[in-house]
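Participant: Sequence:
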Amino acid sequence: MTEELNAALVGGFIGVVSAAAIGFFTFRAHAAETRWATTMSFFNEFNGPALVTARNDARDYLKTRMLLSFAELGEAPRPSGEDPRHAHRSVIRFYERLAVMLRCHRLCDQVVLDLFGSIFAWWWKFCLEDQLGRTDWQAASELDDLAEWMRRRASLDGRTPDWERWCARGAKERASFLAGFEQLTVADQREAEAAYRRAASKSTVPIGIVITATYTPSTTVFFTSSSTA
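Mind the numbering: the sequence shown is residues 0 to 228 in numbering that gives the first Met the number 0, read in order.
Simulated from the structure, these hints should not be mistaken for laboratory data. Predicted, not measured: the structure shown is a model, and the values here were computed from it. Heads up, the beta-carbon is just placed ideally off N, CA and C, and yes, glycines get one too. Check each hint, because a few of them may be wrong.
[As the list claims (entries may be wrong)] Label-pair distances were calculated between CB atoms; the ranges are:
id, residue 1, residue 2, range
1, Thr33, His85, 44 to 50 angstroms
2, Met100, Leu155, 33 to 39 angstroms
3, Glu163, Thr52, 16 to 22 angstroms
4, Asp161, Phe42, 35 to 41 angstroms
5, Thr134, Arg96, 17 to 23 angstroms
[What the hints assert, rightly or not] Quick list of in silico lysine to aspartate or glutamate cross-link-like pairs, DMTMM-like style, CA-CA up to 25 angstroms:
id, residue 1, residue 2
6, Lys171, Asp161
7, Lys171, Asp108
8, Lys171, Glu32
9, Lys171, Glu147
10, Lys62, Asp129
11, Lys62, Asp156
12, Lys171, Asp144
13, Lys171, Asp143
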């Protein structure tokens with residue numbers, strides 16, 4: 000009788016442990032599948048028509064405003080038409096959401112660097128690091144964390160040279176572009192932004208108004224390239 004009871008208890012214990020193990024591994028598999036699906040959703044959004052257009056518009060908008068902080072760019076008025084500052088913020092908000100999802104372990108860490116690292120490094124060194132560094136926006140902290148996460152992930156994967164090369168590309172293009180606008184001072188750029196605000200408030204004036212500057216053809220190669228940042 001005792002042996003039968005012991006056997007029953009052992010069998011019950013094994014059954015409970017087995018059920019718990021199956022539940023645990025099923026949960027892990029489902030969580031991994033969800034992270035992968037979320038990561039692919041972000042990737043599809045990043046390469047979708049809306050955000051590709053926003054990235055291009057934001058890059059063009061910043062051409063004559065490279066030295067202005069986000070605070071100086073300010074909030075856009077509501078003109079009847081597309082607002083390039085909205086495109087600029089769309090890029091920032093996407094990376095901010097990416098940073099939050101990584102911090103909450105909702106993305107597939109192993110592929111984030113491959114899918115987003117090179118273009119984020121370009122944006123980071125081309126303008127975001129400098130502009131966000133002069134604000135108290137929450138996005139500044141989030142994107143700074145994202146840059147640090149990318150750097151650490153590259154180190155963990157033995158890809159530090161890749162990360163450094165990507166960052167160097169953005170920094171080089173920033174320096175090259177600014178060198179072509181040596182006469183374009185901060186005051187000039189503030190006037191460009193003021194001109195845009197005045198234009199945006201008048202329905203009869205094109206809202207895409209920018210100031211004109213002289214630059215060498217070599218500085219425009221990136222902006223006429225088929226690649227998309």
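Participant: So, for every hint listed, does it hold in this structure?
Facilitator: Hints, one by one, checked against the model:
1. Thr33 with His85: 44 to 50 angstroms: Because 31 angstroms falls outside the window, the suggested range is violated.
2. Met100 with Leu155: 33 to 39 angstroms: Hint violated: Cβ distance 19 angstroms, outside 33 to 39 angstroms.
3. Glu163 with Thr52: 16 to 22 angstroms: violated (30 angstroms)
4. Asp161 with Phe42: 35 to 41 angstroms: Given a distance of about 18 angstroms, which is not inside 35 to 41 angstroms, the answer is violated.
5. Thr134 with Arg96: 17 to 23 angstroms: holds (18 angstroms)
6. Lys171 with Asp161: holds (15 angstroms)
7. Lys171 with Asp108: Measuring from Cα to Cα gives roughly 28 angstroms; hence the hint is violated.
8. Lys171 with Glu32: violated (39 angstroms)
9. Lys171 with Glu147: holds (20 angstroms)
10. Lys62 with Asp129: Holds - the C-alpha atoms of Asp129 and Lys62 are around 15 angstroms apart, at most 25 angstroms.
11. Lys62 with Asp156: With Cα atoms ~34 angstroms apart, Lys62 and Asp156 exceed 25 angstroms; violated.
12. Lys171 with Asp144: holds (23 angstroms)
13. Lys171 with Asp143: holds (20 angstroms)
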